[in-house]
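J.: Given next are the chains, with one letter for each unit.
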Amino acid sequence: MNNKPHIQSLIVEVTQRCNHACLHCYNVWQGEPAEAQSRYPRGELDSARTLRLLAKALDETDCHHVTLTGGEPLLRSDLPLLLDFLRERNVRVTLISNGRLLDEERAASLIDQGIGLFELPLLSHRREVHDRLSAAPGAWDAVLEAMANVRLHHGQVVAAFVATRLNIEHLYETIRLAYAFGARALMFNRFNPGGRGRLHLPELLPSVDQVRAALTVAEAASLEFGLPISCSIPIQPCLIDTAAFPHLGFGYCAAGTERAYYTLDPLGNVRPCNHSTTVLGNLLAEPFGEIVSPARMDGFVHAYPAVCHACELGATCQGGCKAAAQVCYGSLEEVEPFMRTGRWENLRG
Amino acid sequence: MTIHRRSFMKLLGISVASLSLTRCAPFTTTCYAPTLTPIPTRSPAGATRRERLRQYWLRFDELAQKSWEDTENQLGKELAAGHRLALDELVENGELSAAVVDLVHEAYDGAVYHVWRSNTGMTCYVGTFNYGPASASVLVEQSQVLNQVASQWTIDPATLAKAQSALEHDMSYYALSQEEVEALYSQLLEESRPEQPLPEFEELPLEPTPEAKEASRFIIDLLMGK
Chain A
1 MNNKPHIQSL
11 IVEVTQRCNH
21 ACLHCYNVWQ
31 GEPAEAQSRY
41 PRGELDSART
51 LRLLAKALDE
61 TDCHHVTLTG
71 GEPLLRSDLP
81 LLLDFLRERN
91 VRVTLISNGR
101 LLDEERAASL
111 IDQGIGLFEL
121 PLLSHRREVH
131 DRLSAAPGAW
141 DAVLEAMANV
151 RLHHGQVVAA
161 FVATRLNIEH
171 LYETIRLAYA
181 FGARALMFNR
191 FNPGGRGRLH
201 LPELLPSVDQ
211 VRAALTVAEA
221 ASLEFGLPIS
231 CSIPIQPCLI
241 DTAAFPHLGF
251 GYCAAGTERA
261 YYTLDPLGNV
271 RPCNHSTTVL
281 GNLLAEPFGE
291 IVSPARMDGF
301 VHAYPAVCHA
311 CELGATCQGG
321 CKAAAQVCYG
331 SLEEVEPFMR
341 TGRWENLRG
Chain B
1 MTIHRRSFMK
11 LLGISVASLS
21 LTRCAPFTTT
31 CYAPTLTPIP
41 TRSPAGATRR
51 ERLRQYWLRF
61 DELAQKSWED
71 TENQLGKELA
81 AGHRLALDEL
91 VENGELSAAV
101 VDLVHEAYDG
111 AVYHVWRSNT
121 GMTCYVGTFN
131 YGPASASVLV
141 EQSQVLNQVA
151 SQWTIDPATL
161 AKAQSALEHD
171 MSYYALSQEE
181 VEALYSQLLE
191 ESRPEQPLPE
201 FEELPLEPTP
211 EAKEASRFII
221 DLLMGK
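From first to last, the protein sequence lines stand for chains A and B. Everything in the first sequence is counted per my numbering, starting at 1 for the first residue and increasing by one. Everything in the second sequence is counted per my numbering, starting at 1 for the first residue and increasing by one.
Quick caveat, the hints were computed from the structure, so don't treat them as lab data. Every residue, glycine too, gets a C-beta built ideally from N, C-alpha and C.
Here are some, though not all, of the chain B residues that point toward chain A, as calculated from beta-carbon distances under 8 angstroms:
no.: 1; residue: Gln-142
no.: 2; residue: Leu-146
no.: 3; residue: Trp-153
no.: 4; residue: Ile-155
no.: 5; residue: Asp-156
no.: 6; residue: Thr-159
These stretches of chain A come out as covered by chain B in the derived footprint (C-beta under 8 angstroms, 3 or more residues):
no.: 7; region: 138-146
no.: 8; region: 149-159
no.: 9; region: 179-186
no.: 10; region: 249-259
Kindly produce the complete structure, drawing on both the sequences and the hints.
T.: And the structure:
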């Protein structure tokens with residue numbers, strides 16, 4: 001037995017650079033108001049220091065799975081070096097990418113280097129909608145090609161559908177397209193405002209009714225195609241009866257548990273999850289165990305809206321995504337945007 | 001293919017757990033209707049050390065059922081701790097070496113995690129996902145849907161060709177009859193040059209150590225009730 005924190009997966013943001021400008025992007029360094037007093041730290045370490053950072057993270061935790069993300073991780077020219085290192089450490093790797101740079105040669109070499117799972121966005125069956133949400137012409141063609149390239153070289157793809165007002169009604173056809181291109185599962189992520197996304201909140205945030213209707217579609221599609229569909233961003237049971245969708249996976253915020261998504265940014269800063277702006281400490285300066293100690297995490301873990309305290313599911317559901325509340329309204333204890341919408345809809349109707 | 005020793009043991013454990021979860025009794029009721037065989041979930045009084053250990057390998061069904069609510073995998077941790085204690089008894093008794101016991105436990109730990117992870121609720125950003133190969137029927141259906149979407153929407157022909165090529169590659173494997181598979185093996189054997197003979201299993205670069213082999217055999221024997 002050892003006393004290292006057991007972490008099921010560590011999120012590593014290898015770069016803040018990106019070649020897309022998704023309207024719904026939740027990267028914490030995006031969309032900061034120009035007048036913001038303290039901006040999120042920007043930049044990235046060079047190869048040698050990044051390798052030292054990864055080694056320290058793995059040495060100081062009991063963790064065998066890393067998710068590489070960004071920004072766009074394929075923009076890092078030393079990615080093969082990082083993958084070689086992770087393979088040497090017997091760590092399983094998932095890559096979250098927009099697929100833009102995932103040509104056939106690259107896909108083959110990344111699979112060869114041990115990437116077990118590619119998480120790629122598929123936002124619509126319609127090119128113009130996917131491209132508009134990605135703010136990048138050609139994004140739809142690129143991601144379909146990326147999916148085909150990965151499959152051609154026997155890699156595994158999970159398609160991520162971010163449900164916004166602009167595309168939520170395209171869910172069924174998008175699932176069909178993902179299935180046709182060999183996706184092994186689909187992640188239905190309701191738009192969770194943060195980063196640049198909060199600038200587009202009114203335009204993108206779907207209503208509760210829209211999400212409920214989409215879940216009905218997803219439930220039927222999961223059965224029709226035998227495709228696992230998981231709803232990764234928490235959906236509050238007080239807004240939508242999730243038990244009505246037995247074939248879909250639902251979950252709640254896991255902050256503070258073994259399933260937490262501690263996020264390591266390109267400068268070594270550690271956050272409780274990739275949506276939160278809270279910096280717990282810097283791994284280059286402190287041990288991981290100290291950074292994620294209860295003394296630092298408790299404030300994050302135990303915060304949830306006062307309105308949820310009377311609810312029997314309050315401590316489990318935690319009011320949805322507290323990081324979204326933090327980013328949009330400045331406090332972990334605020335009611336997050338999707339729940340505000342739902343409460344307003346309930347009052348109204 | 002080289003495989004790390006720890007991965008090897010984990011895969012073995014996962015395979016055993018998967019088999020035990022899908023246990024079928026042949027020739028009962030009808031074809032295609034798996035019949036679950038009841039298994040004891042607790043050691044009977046006076047059970048031998050091995051029998052006590054074996055019971056841990058027969059509780060994956062219980063673990064799977066409890067995992068949805070058990071988001072912290074408490075039962076899994078209890079099972080793993082008990083399994084380790086039961087193994088340690090075998091070391092004290094001189095039945096197994098400490099090195100072999102570590103590997104047997106590695107396999108069990110991998111199996112417990114796999115069963116729990118496959119059955120517990122989700123967290124943010126973890127997709128539920130089956131790493132197993134797609135079945136032939138799925139590939140056929142995918143092919144039909146791919147043809148439909150190709151006719152509905154304008155997809156780049158080169159991309160479409162790649163997607164079709166990947167599907168055909170997968171399907172060709174499933175489309176082969178047993179005779180064709182055997183013919184393919186025969187052809188490969190015939191075409192293999194004398195200077196490159198097919199390696200025996202023991203020669204494959206799987207690099208299982210003697211301890212890993214012993215641990216694997218021990219698990220199989222344990223489950224077979226030997």
